[in-house]
Amino acid sequence: MLKKIPYIQGLVWGTILFVLPLPLIQTLAIGVPTIYQSELFAFQLGSVAYVWFLVAIYLSTRPKWLDRLIGLPSIYMIHGILSLVAILLAYLHKSLSSSNGLIKLTGDWAFNIFIAIMLYSLVFMAGWLTTRLPIINKIKKWLEKVFKHEISVWLHRVNLIAVILVFIHVQLISYITAIKPYITLFDIYSLVFATVYLYAKFKNSRLLPKAKLIDKHELAKNFYEFTIRFPRSQKINVQAGDFVFINAPDNKALHELHPFSVLDFQTETRTLKLAIRGDGDFTREIQQLPLGAWIQVDGSYGRFTTFIHDHGSKDLVLVAGGSGIVPMISIITSYPDRPITLYYSAHRQADLVYANDLQQYAATHPKLTLHIQTGRFNSNVEAKQLPQKQTIYLLSGPNQLGHAWQQSLKRNNILPNDIYYEEFSW
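Quick note, the sequence shown lines up with residues 0 to 425 if you use numbering that gives the first Met the number 0.
FYI, nobody ran anything at the bench for these hints, they're computed from the structure.
Among the clues, some could well be false.
Unchecked claim - The list that follows gives simulated cross-link-like pairs (lysine-lysine, PhoX-like), each with its CA atoms no further than 25 Å apart: (1) Lys211 with Lys272; (2) Lys211 with Lys200; (3) Lys388 with Lys366; (4) Lys200 with Lys234; (5) Lys313 with Lys388; (6) Lys93 with Lys179; (7) Lys234 with Lys215; (8) Lys234 with Lys209; (9) Lys93 with Lys103; (10) Lys234 with Lys272; (11) Lys409 with Lys313; (12) Lys366 with Lys313; (13) Lys251 with Lys215.
Construct the entire structure; sequences and hints are all you get.
Written as structure tokens, this is what we have:
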């Protein structure tokens with residue numbers, strides 16, 4: 000893979016930040032009447048902010064083609080950062096331009112909604128931020144007792160109302176709508192992104208593959224293994240280490256899609272195994288589903304297999320904490336002839352739910368080396384014993400574990416491009 004991902008990420012950022020807004024900026028520069036030239040920069044800032052809001056909404060639909068390129072955690076991080084910067088530009092636009100009447104009212108309403116949802120999302124829906132700021136993470140856990148998962152999802156969608164208000168705001172400005180090239184592009188951008196978003200939502204509600212829950216059993220306290228089977232008419236492509244989004248359309252509390260790692264997928268029997276730990280309101284509720292319940296599946300997502308393929312036949316070192324072992328098991332069983340070293344830890348012995356299965360598997364697969372313990376490994380000590388070449392490192396588990404191992408590996412001269420950590424929280 001080497002420089003592939005940084006290049007692609009740069010290309011994505013460049014397209015979003017510069018290429019998409021440029022036509023609107025240019026048509027404004029040419030078409031704004033002389034009397035309003037002093038506010039041209041403010042108009043351009045507002046246009047850029049609008050385009051970035053549209054892109055952020057598109058990214059919230061989880062485009063699979065982009066997931067395979069940069070990973071869903073990166074997509075969600077771009078979504079969050081882009082929204083924050085767009086709000087800053089909207090503030091500058093508001094401060095540097097003047098308006099009145101309904102034009103001002105729609106603009107103010109939109110801005111206030113963006114600010115309110117931003118503050119809420121920074122706590123509840125920005126895992127890339129809360130995992131790095133412990134104080135926000137503590138506030139999130141305390142407030143989650145009141146604001147359930149589905150409430151958070153629906154409140155986040157209020158951003159759509161704000162975007163519609165911005166659209167109306169622009170349509171009310173006569174000297175802007177008089178700039179035909181600009182307003183044509185503005186309307187096309189709005190129509191394209193609205194169409195893509197609405198189709199994604201329609202697909203999630205009506206077109207997703209459905210599977211039947213045929214087995215579930217408790218592996219440990221609050222930790223269940225689900226097996227679902229797809230009808231012959233349904234097709235889904237799942238790679239080793241992937242995760243899927245699922246919901247239960249017949250249960251009012253489980254309408255929103257939620258991500259879970261894939262433990263195993265058998266093409267012949269069309270069965271998919273998921274491991275589900277009850278950490279939140281959604282996961283606790285879904286554990287109560289009866290056998291025979293229908294489950295919708297969106298996926299799959301993930302970059303573990305892509306990362307492995309991009310590095311050829313290199314050996315694998317896998318690091319997993321707690322339920323982060325789930326995607327690693329599917330990788331281990333998918334590459335039985337590849338030398339693999341696994342570090343698997345959990346806070347309690349009871350949480351090492353797959354330790355016995357792994358030991359039995361290793362007994363018949365000598366290329367698998369296991370390190371299993373209660374409590375965290377000392378990543379600094381372990382990293383010194385690991386090879387620096389012809390090996391790639393895949394990490395899965397809590398953010399503290401992932402970040403600690405990343406730093407330890409880099410300190411021991413492991414190339415960053417040979418390390419991939421797929422975060423739990425986005």
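How the hints compare with the structure:
no.: 1; hint: Lys211 with Lys272; verdict: holds (12 Å)
no.: 2; hint: Lys211 with Lys200; verdict: holds (22 Å)
no.: 3; hint: Lys388 with Lys366; verdict: holds (18 Å)
no.: 4; hint: Lys200 with Lys234; verdict: holds (20 Å)
no.: 5; hint: Lys313 with Lys388; verdict: holds (9 Å)
no.: 6; hint: Lys93 with Lys179; verdict: holds (23 Å)
no.: 7; hint: Lys234 with Lys215; verdict: holds (22 Å)
no.: 8; hint: Lys234 with Lys209; verdict: holds (10 Å)
no.: 9; hint: Lys93 with Lys103; verdict: holds (9 Å)
no.: 10; hint: Lys234 with Lys272; verdict: holds (15 Å)
no.: 11; hint: Lys409 with Lys313; verdict: holds (18 Å)
no.: 12; hint: Lys366 with Lys313; verdict: holds (13 Å)
no.: 13; hint: Lys251 with Lys215; verdict: holds (21 Å)
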